[in-house]
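Generate the whole structure from the sequences, applying the supplied hints.
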Amino acid sequence: MDNIAGQKSSFVWASNIATLTLVLLWIIPTLGLFVSSFRDRDQISASGWWKAPFAVELTARGRTGADTAPEGDHFSVSGNIFDDREARAAFTGDPGAVSAFGIKGAEPRAFQVGTTADLGGGETLTVNPDGSYVWVTPEDPGNRGKRIYFAAKSPPKLTLANYRTVLTSDNMSRAFMNTLTVAVPATIIPILVAAFAAYSLAWMEFKIRGLLIAGIVGLLVVPIQLALVPVLNLHNAVGIGQSFPGIWLAHTGFGMPLAVYLLRNYMAGLPRDIIECARVDGATDFQIFVKIILPLSLPALASFAIFQFLWTWNDLLVAKVFLPSADEYKVMTVKIADDLLGSRGGDWGILAAAAFVSIAVPLAVFFSLQRFLVRGLLAGSVK
Amino acid sequence: MNPVFQGLTTIVLGVSGCIAYFYTSNLVLDRVLYPARGPRITENIARANQIRPWLFIFPALFVLFVYLAYPVVGSAFRSLFNRSGADFIGLGNYVALLQSPDFRRAFLNNALWALFVPAASVAFGLLAAQLTDKLAWGNAAKSLIFMPMAISFVGASLIWKFVYAVDSDIGLVNAILLGLFGVGPVDVLQIPFWNNFFLMFILIWIQTGFAMVILSAALRGIPEETVEAAIIDGANPFQTFFRIKVPQIFPTIVVVWTTITVGSLKIFDIVYATTGGNFGTEILPSYMMSFMFRDDGRATAVALVIMIIVLPVMISNIRQAQKEIR
Chain A
1 MDNIAGQKSS FVWASNIATL TLVLLWIIPT LGLFVSSFRD RDQISASGWW KAPFAVELTA
61 RGRTGADTAP EGDHFSVSGN IFDDREARAA FTGDPGAVSA FGIKGAEPRA FQVGTTADLG
121 GGETLTVNPD GSYVWVTPED PGNRGKRIYF AAKSPPKLTL ANYRTVLTSD NMSRAFMNTL
181 TVAVPATIIP ILVAAFAAYS LAWMEFKIRG LLIAGIVGLL VVPIQLALVP VLNLHNAVGI
241 GQSFPGIWLA HTGFGMPLAV YLLRNYMAGL PRDIIECARV DGATDFQIFV KIILPLSLPA
301 LASFAIFQFL WTWNDLLVAK VFLPSADEYK VMTVKIADDL LGSRGGDWGI LAAAAFVSIA
361 VPLAVFFSLQ RFLVRGLLAG SVK
Chain B
1001 MNPVFQGLTT IVLGVSGCIA YFYTSNLVLD RVLYPARGPR ITENIARANQ IRPWLFIFPA
1061 LFVLFVYLAY PVVGSAFRSL FNRSGADFIG LGNYVALLQS PDFRRAFLNN ALWALFVPAA
1121 SVAFGLLAAQ LTDKLAWGNA AKSLIFMPMA ISFVGASLIW KFVYAVDSDI GLVNAILLGL
1181 FGVGPVDVLQ IPFWNNFFLM FILIWIQTGF AMVILSAALR GIPEETVEAA IIDGANPFQT
1241 FFRIKVPQIF PTIVVVWTTI TVGSLKIFDI VYATTGGNFG TEILPSYMMS FMFRDDGRAT
1301 AVALVIMIIV LPVMISNIRQ AQKEIR
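Going line by line, the protein sequences match chains A and B. For the first sequence, the positions run 1 to 383 when my numbering is used. For the second sequence, the positions run 1001 to 1326 when my numbering is used.
Think of the hints as simulated: they come from the structure by calculation, not from any bench. Keep in mind that the hints are not guaranteed to be accurate.
Computed beta-carbon distance windows for the label pairs [as the list claims (entries may be wrong)]:
id, chain 1, residue 1, chain 2, residue 2, range
1, B, R1294, A, D273, 52 to 62 Å
2, B, L1098, A, L211, 30 to 40 Å
3, B, F1197, A, G269, 39 to 49 Å
4, A, S169, B, P1237, 19 to 29 Å
5, B, P1223, A, N171, 52 to 62 Å
6, A, I17, B, R1083, 55 to 65 Å
7, A, V12, B, R1319, 37 to 47 Å
8, B, L1091, A, L25, 23 to 33 Å
9, A, L378, B, S1016, 31 to 41 Å
10, B, Y1023, A, G239, 23 to 33 Å
11, A, G239, B, V1028, 41 to 51 Å
12, A, G239, B, I1089, 25 to 35 Å
Chain B side only, calculated, beta carbon under 7 Å to chain A, not exhaustive [to be verified]:
id, residue
13, V1004
14, T1010
15, V1012
16, G1017
17, A1020
18, I1057
19, F1062
20, R1078
21, T1132
22, L1144
23, S1152
24, F1162
25, A1299
26, T1300
27, A1303
28, V1313
Calculated Cβ distances over 10 Å to all of chain A for the following chain B residues [claimed, not checked]:
id, residue
29, P1039
30, A1114
31, K1161
32, D1167
33, F1193
34, Q1248
35, G1280
Backbone N, C-alpha and C fix where the C-beta goes; we use that ideal spot for every residue, glycine too.
Below, the structure written as structure tokens:
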């Protein structure tokens, strides 16, 4: 429609800008969490992720040494504040340059760096950008150094430390394997079962076929909530209980209406001639299905597989109900929602890293197989 | 047994089991029960062909029955019993629900979700579909707007919780409020009533891509002559869009709208991972989960309420399907 009348260049501009706004609005939240997952935890709480490329000013406190020699009527202590263990511990990496200092916790930026601050009563303190200080006091400090509060500008720091922490100490690697263990069988098992059913609903004549198709369309919208209690009780009664086989079966069942519906629609659209020729040549239904329908339906099978994989990988509800609540059975979504959001509530570096560990695989699937996903959506909804 | 190993075994067993079932059941039907030879050959072939569809469809039907059809009845039945399941209390659970202010809150919130989420998703989706349609970088833009579809609801909740964070050095919303308006930190997830909309926006953010993909395909399916005729008659782009294009894709809009409505009645993850149902944000699916494992009677009653709300959509879908088959 680009080449016909009625297109104004201002309108094209407007739609470019509107699209850009919309796209930015849509990706900025994800981008923010992504950037944060690589930031140092001190820097995350000190400055917004949009300032990640810039230096971050962190405040910390330390204590000077107390080794002193009397110089006339006063005592002088010098050293480097970063040699103090407490001050050093506030910075996980290179602390950068000191930008200001003070002697009260409420005013860590009271004095400019490099100047000599008069603390009253003949007491002075000088702190240089590299952290070195000179403290002059009229009284013998004994063995107690002077408390110094200071602000230091750290250079922007990107690390993989959050990912390391999440994967090692938070048991996220176990949860990753659990998610994989749930999602892969729950994706593969329903496909073949659904494909056979779809073929019989698309190409075989029998009495209540129309009724069955209508029934499956109806089951498409049944809320899973309805199935939780009865199915869990059934699983308990037959000895499956809360276990991996239980969740595989549950996902198979819950994915089945969409699988049959999508595949039937696709198969029903295959050219009738091919199937009838095969029948005339004496092929049985089983042969037609395996040798003709199945290979031709690969795009639809792929579409469903992607849906089911994304759905089972991302699921929280079914995992909470059909897997035991013990830590060794937790999938990533449960781990994040139940454990990390509680225990690591404010630790955004860890939360962000955990989130990206869990969405990396679906995103990879999404961007590499988007074509099939779109095709499946269209087959399922456009009528 | 190691669950990964168990998973691999299940894949192998499951797939080979399926193949074995379909292959041998066919073989038994053709060779043993009704062999295509002998004096009754015609009759046998006819019989075999009557039974075969059922062989093909049986496993799927069985799974559908056990996991979806039976639970509808099972839940309805269970909801008539008390917490332990020992005593029949009739509609007691439903009466208790109606009297509970928490349930009313969840019901009204859910109604809000079911109205606002599809409306906003369709609006954004339609806008995105129309805007990207003519752009050179339209497909890349679509891809990015569509991306949240791949992210779990829990992941999306985390992403948005980060945006909504109270600390203006962490949350973008509060940083903008402070930077542009100088307004102090606000916890948007605790503002009474309006916090629901901040939660809904998470789902809108996810569903817009879905709406966009389908509506964009529908827009492309519009016959070009109709649009050309409108332009020649002097219609401006807005008139062309709202008077020519939208009416033609209206059936698709209805499908998208209902799909998202049904989705907004089932999704519990967002509320669970953000507010946990506190601050007046409970919706029916999360309300139901608060009874799960504690009071099956009450839990199934809430599930049945969700089912009843979905029922009209279900019936109209079935009607539609029957029309198409005939």
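Outcome of the hint check:
no.	hint	verdict
1	R1294(B) with D273(A): 52 to 62 Å	59 Å, holds
2	L1098(B) with L211(A): 30 to 40 Å	36 Å, holds
3	F1197(B) with G269(A): 39 to 49 Å	41 Å, holds
4	S169(A) with P1237(B): 19 to 29 Å	56 Å, violated
5	P1223(B) with N171(A): 52 to 62 Å	57 Å, holds
6	I17(A) with R1083(B): 55 to 65 Å	58 Å, holds
7	V12(A) with R1319(B): 37 to 47 Å	43 Å, holds
8	L1091(B) with L25(A): 23 to 33 Å	47 Å, violated
9	L378(A) with S1016(B): 31 to 41 Å	33 Å, holds
10	Y1023(B) with G239(A): 23 to 33 Å	29 Å, holds
11	G239(A) with V1028(B): 41 to 51 Å	29 Å, violated
12	G239(A) with I1089(B): 25 to 35 Å	30 Å, holds
13	V1004	6 Å, holds
14	T1010	5 Å, holds
15	V1012	10 Å, violated
16	G1017	9 Å, violated
17	A1020	11 Å, violated
18	I1057	4 Å, holds
19	F1062	9 Å, violated
20	R1078	6 Å, holds
21	T1132	6 Å, holds
22	L1144	5 Å, holds
23	S1152	3 Å, holds
24	F1162	5 Å, holds
25	A1299	6 Å, holds
26	T1300	5 Å, holds
27	A1303	4 Å, holds
28	V1313	6 Å, holds
29	P1039	21 Å, holds
30	A1114	12 Å, holds
31	K1161	8 Å, violated
32	D1167	7 Å, violated
33	F1193	23 Å, holds
34	Q1248	13 Å, holds
35	G1280	20 Å, holds
When each numbered hint is compared with the structure, violations occur for hints 4, 8, 11, 15, 16, 17, 19, 31 and 32.
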